[in-house]
Amino acid sequence: MSPSTTASAGAARPTPPPSPSAPNLYAPRALTNMSRLKASSVWRASESDMLEPAMNGEKSGRTGYRLHVLYVEDGKGDASMASKLFELVKHRYPEHTYSTRPLSDALALPGMQEVLRPHQATTQASTATPSSSDLSTILANLTSATSRTDLHQLLLRKLVVHCAQTHTCEAILWADSTTRLAERTLAETAKGRAFTLPTQTRDGETPLGDVPSYYPMRDLLRKEILSYTSLVSPDLGSLILEEKPRPAVSTRDTSIDELMKQYFSSVEREYPSIVANVVRTTGKLLVERVEEGVEGRCELCDVVLRGHAPERSRLCFGCIRILQGRETGG
Amino acid sequence: MPHYPCQTCHISRAQILRPSTGTRLCAPCFTLAFETETAATITSSSLFHPGERIAIGASGGKDSTVLASVLQTLNTRYNWGLELVLLSIDEGIAGYRDHSLEAVKRNAEVLGLPLKILGYEELYGWSMDAVVAQVGRKGNCTYCGVFRRQALDRGAAVLGVRHVVTGHNADDVAETVVMNLLRGDLARLGRGTSLVTGTGGAEGGFASVKRSKPLMWAYEKEIVMYAHHKRLDYFSTECIYSPEAFRGSARTLIKNLERIRPESILDVVRSGIDMARLVPGAGGEGGSGSLRVEAIPRDAEDDTGGGCSGDNGEDAGGEMARVEETLRLNERAEEEGTETEIRLPAKAVNGQRHDRDGLHTGPPAAALPATVNGQNHDRHTHIPDIAVVPIRTKQEKKSGRKTAGDNLPPRQRLGQCERCGYLSSQAVCKACMLLEGLNKARPRTGIEVGGAGG
Ligand SMILES: [Zn+2]
Ligand SMILES: [Zn+2]
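As they're listed, the protein sequences go chains A and B. Mapping of the first sequence onto the UniProt record's numbering: position 29 corresponds to residue 29, and the numbering continues sequentially without gaps. Mapping of the second sequence onto the UniProt record's numbering: position 25 corresponds to residue 25, and the numbering continues sequentially without gaps.
Source of the hints: derived by calculation from the structure; they are not laboratory data. A quick note: this is a predicted structure, and the numbers were derived from the prediction, not measured. Fair warning: there could be bad hints in the mix.
[What the hints assert, rightly or not] Simulated coverage check for chain B against chain A, where a stretch passes if three residues somewhere in it have a Cβ under 8 Å from a Cβ of chain A: (1) 168-182; (2) 246-259.
[Stated by the list, open to error] Which residues of chain B face chain A? A partial, calculated answer using Cβ under 8 Å: (3) S264; (4) R270; (5) S271; (6) D274; (7) M275; (8) L278; (9) V279; (10) V323; (11) E324; (12) L327; (13) E331.
We put the CB at the ideal spot given by N, CA and C, even for glycine.
Chain A on its own, in the form it takes in the complex:
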């Protein structure tokens, strides 16, 4: 790809959740990511050859990548604080382009109404732009914290990809640390979707669209990134939404994602290389072979249905579970 035209939509999504179902995902790290890129001259290129030219560019005076920073408002938790921080970030790094989208915009993407709001899809209401309260209703009707987290992440991903396409970006930079990717690896395994891991955690093409995804911080542990934010000058503390520590209990209200987060935060402390190794290991798996254009895909998450869905289903097993999570009681 040509460095001068590469833009990126970093997903900046502040999630300040008192709710245990909303793991704090993107905000601090997306911001960190971006500032690191611009403020650091100690960037260790490692696997992220994509960012190297940016740094070199800065040093040599040539143009680096143009970044488009996307902030997805999900209306949860301390949204006003998050928005405030986003303003601060804009101010600190005026050279980038910024935009904000509510997460509910994802509901307006093709097919989403039919899958998520089958009753409204046929009525007049469907022509109106879905609002945040529509999204809240959909999420509230799901039966488990895991389902809510799943759908939330799925919509976020779809929206970011959509925005990247709209802005003709050539790549999407995600702020996931190696710790976060390890969490996702085990979470997807626990959801029976490990077959999607090669495309979900690896740099490059994704099944969602033409814009390839990259994880520039894939080699860094969460704790390293946090250290960095205080070591760099000026420090980034004031730009970062503080993560409130959550009780480390495992109840049925916890999501699988939250469980994995707790798990890896303890593994990270003692065995950091094992965290990284989990990601490397699944990175070696082959991508499932797909006959492009021939095979049906899940209408919600876009995985190939063959082998991963009931017969004649338009949704994969995983998405069926999201939408029909049953109460198990006990």
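On the provided structure of chain A, position chain B with the ligands as indicated by the hints.
Just chain B with the ligands now, kept in the frame of chain A:
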């Protein structure tokens, strides 16, 4: 708790909430459903053939006890004509197996099945007590683990049986999946999740004895419920050792997952099967289970038949710490841009590292940091097992990234031990190496190595 009617017969009061389906059933409907599902696992994969002789690896624990009971029930119900026999292994540690073997004996009587108890003494010429007398306490777990790996196969061969079934359940398989992800061991993902390993062919003595786990889709909780409602008599083994670190860590995680979403146990198993299919060289996408069967060796951890896997005298955290250290050294080596292959002195203690890991078809090993492993590369002289972690150069790494995970060595071929014929990456398998050492130190006469090896 409110009263619910059974969701199957709609008559009796429901006594059980099935974790696998979330349905509420009365006890008779539950046990019938459990049996029918096990039968479906067996028939849908043509696991047995009519008249086949099957040895049930019986430890006296709940899993193998339930397996024996269910198989006996199904064999009668469906007229499968199977010839079932219980096979127990006695390590020969005075007092250690007393209670569990008593449970097995009682079960054999109740079920009307023949029982064969074989000791390490008969299988290897050495009981564990004799091994300890010879080598001391330290390191004796290596022997126990390595011997256990082959014990059921050797025992089956002694009985002239070509197929051994073990009581591994869905929780065990899910644990193994998570554990191998943490270890970064793709090769083992396939072995842990396949219903059948080994060929069962007549050739090759005990080395080709077929192994299967008919309860691999059954929840541990339901196995306990089944045992309870059928009033089965089993010995609850509390392992005297802390579980090996990876397994302990994985077990806790699986239990927590089950609490959040009971279905996730089977989802992890399905994920494991999918990943095994996507391991480069594993038979490719869409490869059927049978394709992978022949080359799939057993693991020590697969051989406990639901009993205590206390083959580990090492402190919990040992293996995790060692893997961690190796990975760190690898990272350092990588940063220095050198092509290095660091060999991990594996599990000297319980032999859980498999022989197969020693087989590496990549480029010859370069620098070998003495701190990691002072061992000799010569396959004939090293005793403790080794795992090889191949490191790619930066160059390789970049190209590997683009072509999506083709950076594993080509499909590994396992050879056979030249003495006993067991699957082994080394010319002589570990059990034979250990036996050689033992026998050299105190030559014994009249006892052949292995029951049916030759
Ligand atoms: Zn789907
Ligand atoms: Zn009933």
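Hints and how they fare:
{"no.": "1", "hint": "168-182", "verdict": "holds (count 4)"}
{"no.": "2", "hint": "246-259", "verdict": "holds (count 5)"}
{"no.": "3", "hint": "S264", "verdict": "holds (5 Å)"}
{"no.": "4", "hint": "R270", "verdict": "holds (5 Å)"}
{"no.": "5", "hint": "S271", "verdict": "holds (3 Å)"}
{"no.": "6", "hint": "D274", "verdict": "holds (4 Å)"}
{"no.": "7", "hint": "M275", "verdict": "holds (5 Å)"}
{"no.": "8", "hint": "L278", "verdict": "holds (4 Å)"}
{"no.": "9", "hint": "V279", "verdict": "holds (6 Å)"}
{"no.": "10", "hint": "V323", "verdict": "holds (6 Å)"}
{"no.": "11", "hint": "E324", "verdict": "holds (4 Å)"}
{"no.": "12", "hint": "L327", "verdict": "holds (3 Å)"}
{"no.": "13", "hint": "E331", "verdict": "holds (7 Å)"}
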